[in-house]
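Q: Now for the letters of each chain:
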Amino acid sequence: MFRHTPLRVAALALLAVAGIGYAFGASYFGLEILTEIAILAILVLALDMVAGFGGMVSLAHGALAGVGAYGYAMLQAQAGVAPPIALLGAIGLTGALAWAIGAVCARSHGIYFIMATLAFGQMAYSYIFETPVFGGDDGLGGISRLDLSVLGLDLMDSRNFALFCLAMVALAYAACAFVLRSGLGRSLSGVHESEQRMRALGLTVWRVKAHVFGLSGMIAGLSGALAAQHIMYVSPGLLSWTVSGEALVVVILGGLGTLVGPLVGAAFFVVLKHEVGAITPYWHLVTGLVLIAVVMSRANGIFGALEAWVGRRRAARQPQPLAKEVPGNA
Amino acid sequence: MTHDAGFWVLQALNALQLSMLLFLLSVGLTVIFGLMHFVNLAHGALYALGAYVAASVAGAWGGFWVGLIVAPIAVAAMGVVLYGGLIRRMRRSGPMAQVLVTFGLIFALLDLTRIIWGDVALASDVPALLEGQVRLLGVDYPAYRLFVIGLGLAVLAVLAFVLGRTQIGAMIRAGVDNDAMAACLGIDVERLFFVVFCVGCALAGLAGAVAAPLLSVTPDMGLQILIPVLIVIVIGGLGSLKGAIAGALIYGVVQTFGAVLAPQLSSVLIYALLALVLVTRPTGLFPAKG
Numbered sequence: 001m002f003r004h005t006p007l008r009v010a011a012l013a014l015l016a017v018a019g020i021g022y023a024f025g026a027s028y029f030g031l032e033i034l035t036e037i038a039i040l041a042i043l044v045l046a047l048d049m050v051a052g053f054g055g056m057v058s059l060a061h062g063a064l065a066g067v068g069a070y071g072y073a074m075l076q077a078q079a080g081v082a083p084p085i086a087l088l089g090a091i092g093l094t095g096a097l098a099w100a101i102g103a104v105c106a107r108s109h110g111i112y113f114i115m116a117t118l119a120f121g122q123m124a125y126s127y128i129f130e131t132p133v134f135g136g137d138d139g140l141g142g143i144s145r146l147d148l149s150v151l152g153l154d155l156m157d158s159r160n161f162a163l164f165c166l167a168m169v170a171l172a173y174a175a176c177a178f179v180l181r182s183g184l185g186r187s188l189s190g191v192h193e194s195e196q197r198m199r200a201l202g203l204t205v206w207r208v209k210a211h212v213f214g215l216s217g218m219i220a221g222l223s224g225a226l227a228a229q230h231i232m233y234v235s236p237g238l239l240s241w242t243v244s245g246e247a248l249v250v251v252i253l254g255g256l257g258t259l260v261g262p263l264v265g266a267a268f269f270v271v272l273k274h275e276v277g278a279i280t281p282y283w284h285l286v287t288g289l290v291l292i293a294v295v296m297s298r299a300n301g302i303f304g305a306l307e308a309w310v311g312r313r314r315a316a317r318q319p320q321p322l323a324k325e326v327p328g329n330a
Numbered sequence: 001m002t003h004d005a006g007f008w009v010l011q012a013l014n015a016l017q018l019s020m021l022l023f024l025l026s027v028g029l030t031v032i033f034g035l036m037h038f039v040n041l042a043h044g045a046l047y048a049l050g051a052y053v054a055a056s057v058a059g060a061w062g063g064f065w066v067g068l069i070v071a072p073i074a075v076a077a078m079g080v081v082l083y084g085g086l087i088r089r090m091r092r093s094g095p096m097a098q099v100l101v102t103f104g105l106i107f108a109l110l111d112l113t114r115i116i117w118g119d120v121a122l123a124s125d126v127p128a129l130l131e132g133q134v135r136l137l138g139v140d141y142p143a144y145r146l147f148v149i150g151l152g153l154a155v156l157a158v159l160a161f162v163l164g165r166t167q168i169g170a171m172i173r174a175g176v177d178n179d180a181m182a183a184c185l186g187i188d189v190e191r192l193f194f195v196v197f198c199v200g201c202a203l204a205g206l207a208g209a210v211a212a213p214l215l216s217v218t219p220d221m222g223l224q225i226l227i228p229v230l231i232v233i234v235i236g237g238l239g240s241l242k243g244a245i246a247g248a249l250i251y252g253v254v255q256t257f258g259a260v261l262a263p264q265l266s267s268v269l270i271y272a273l274l275a276l277v278l279v280t281r282p283t284g285l286f287p288a289k290g
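Going down the list, the sequences are from chains A and B. Reminder that position 28 of the first sequence reads as 28 in this note's numbering, one-by-one numbering, no gaps. Reminder that position 165 of the second sequence reads as 165 in this note's numbering, one-by-one numbering, no gaps.
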């Protein structure tokens, strides 16, 4: 089950202060990067919820975010729906699609689950790529951002939009933490431990998986709808399976099943991409080598390694073991 | 158009040619998985490497045939390096760690090919011997594509013979079935893994060399082929030769005929089929283990 350890609370506070502080200090380019981090962070929160706590390693999440982006673009720019309703519509649509994918894939495990979600993600990609309504390869433009002038905020200003995205990260994090600590989230942890045991206890396993996958899809949809508002343009590339792969990489770099780690991972990944990308066009090479090093080190990502280190320090100070705390899957 | 027999023959040949290319790639991947439970996503990147080596060798020393021989050897050598450096250590990790490490490898190999060969697509010529068309069953068909079909069938025959009729084949089948038991019976399973991995890599290199004159050689060709190959092995069932053939044929037929008969649906069709297979038979049509 998900717990807020003091270390996690401290890391969250530090991330919040850094994010908000940077939003007020940064130039235009810095704000764009901050927004990119925030949008990626929402997506990897959604992925960590299913992969880290339910063992459902999904390669459909990039496509789900893309569905959210296209859902928002179609509703807002093509159908002329008011932006807030288009946003909710996009989130609802993505959630429903994710629920269906989760329900169908619930029986598959391990590599088959990965492949099945990959297939559904690719199906969405091909459908959007081939259907003329969605603009094909050219994508769709003319998307406007949410209008928050009631609150005195102009989201066309990149600082305001970055702050808005940060607020959305906080909302998504709260939603993930709430779901994981609810009865549903506890059932999911149980299913992750042993499906057979939960079934024997009278739980309908597929329904738990589908529900959590659907909720995760809603958060992925939010990420996509924000991405559509950020660049004000959508293209099929948003749904490419490599986006899902990158999201998985970010979750692993940060620390699977820690919820805080993926936030760290998102910041690390985007900054690495831009910093290395500024020096050499071959930033994929660096990312690939970092990823291999992290996975081979057997540490649970950056944040997981930090948690393990803090845990060891505490154990060294207090010789008698306190409790059976398993840091990785807590 | 669809009532013309020539049309069906032509499309059937196209489907067969695509199937054979996919078969060359998926058979290595599937046997590696069956034997080692190792998911090597970088298989597509090895295929791209094979295509680059073949195109460069053909360009430098002016011979397609030299490239066809050098590419599998070069890619197998790369496989030896990967096995010693990464794969052996990742054997006991879960599928997710393997997927991630090989995903990192894709990134690294993609940029390595870009650093060595640049971003520009390489062109590779069809060998003089196989230029032009051959008249077959009432249609003119490019000789090179027939060669691809023939090569695929030849590899299939050799593999079916080795796996089904020789001692090493029996050892591999025993390893796929139950590696602990096979080890108890005195089979050096580790060495068997190593050999199979290298042969799989060599086949990926061969597929790359064969594909070079058909497709343009670009750094992301490995990424583009990866998804079809994964679909083939998941439909067919991971780990079995029969599954790789069945999956490759199904993919080739659905993709080729889908594209001409129902262009709007063609790309969704294969994914829908994959989803159907996964839902009804979660381990594929011909899983290696009962």
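Simulated from the structure, these hints should not be mistaken for laboratory data. Just to be clear, a hint being listed does not mean it is correct.
Derived DMTMM-like pairs: lysine to aspartate or glutamate, alpha-carbon spacing no greater than 25 Å straight-line [what the hints assert, rightly or not]:
#	chain 1	residue 1	chain 2	residue 2
1	B	K242	B	E190
2	A	K273	B	D119
3	B	K242	B	D140
4	B	K242	B	D177
5	A	K273	A	E32
6	A	K273	B	D220
For clarity, every value in this text was computed on a predicted model and none was experimentally measured.
Q: All the hints need checking, so say for each whether the structure fits it.
A: Hints versus structure:
This hinted pair checks out: B:K242 and B:E190 have alpha carbons roughly 24 Å apart, not beyond 25 Å. For the suggested pair A:K273 and B:D119, the alpha carbons sit about 19 Å apart, so the restraint of at most 25 Å is met. In summary, the hint linking B:K242 to B:D140 is not supported, as the alpha carbons are separated by about 31 Å, beyond the 25 Å threshold. A threshold of 25 Å between alpha carbons decides the hint, and for B:K242 with B:D177 the separation of about 15 Å falls inside it, so the pair holds.
The straight-line distance between the Cα atoms of A:K273 and A:E32 is roughly 13 Å, inside the 25 Å bound, and the hint therefore holds. Using a Cα cut-off of 25 Å, the hinted pair A:K273 and B:D220 holds, with the two alpha carbons roughly 19 Å apart.
Against the hints set out earlier in the document, a violation occurs for number 3 only.
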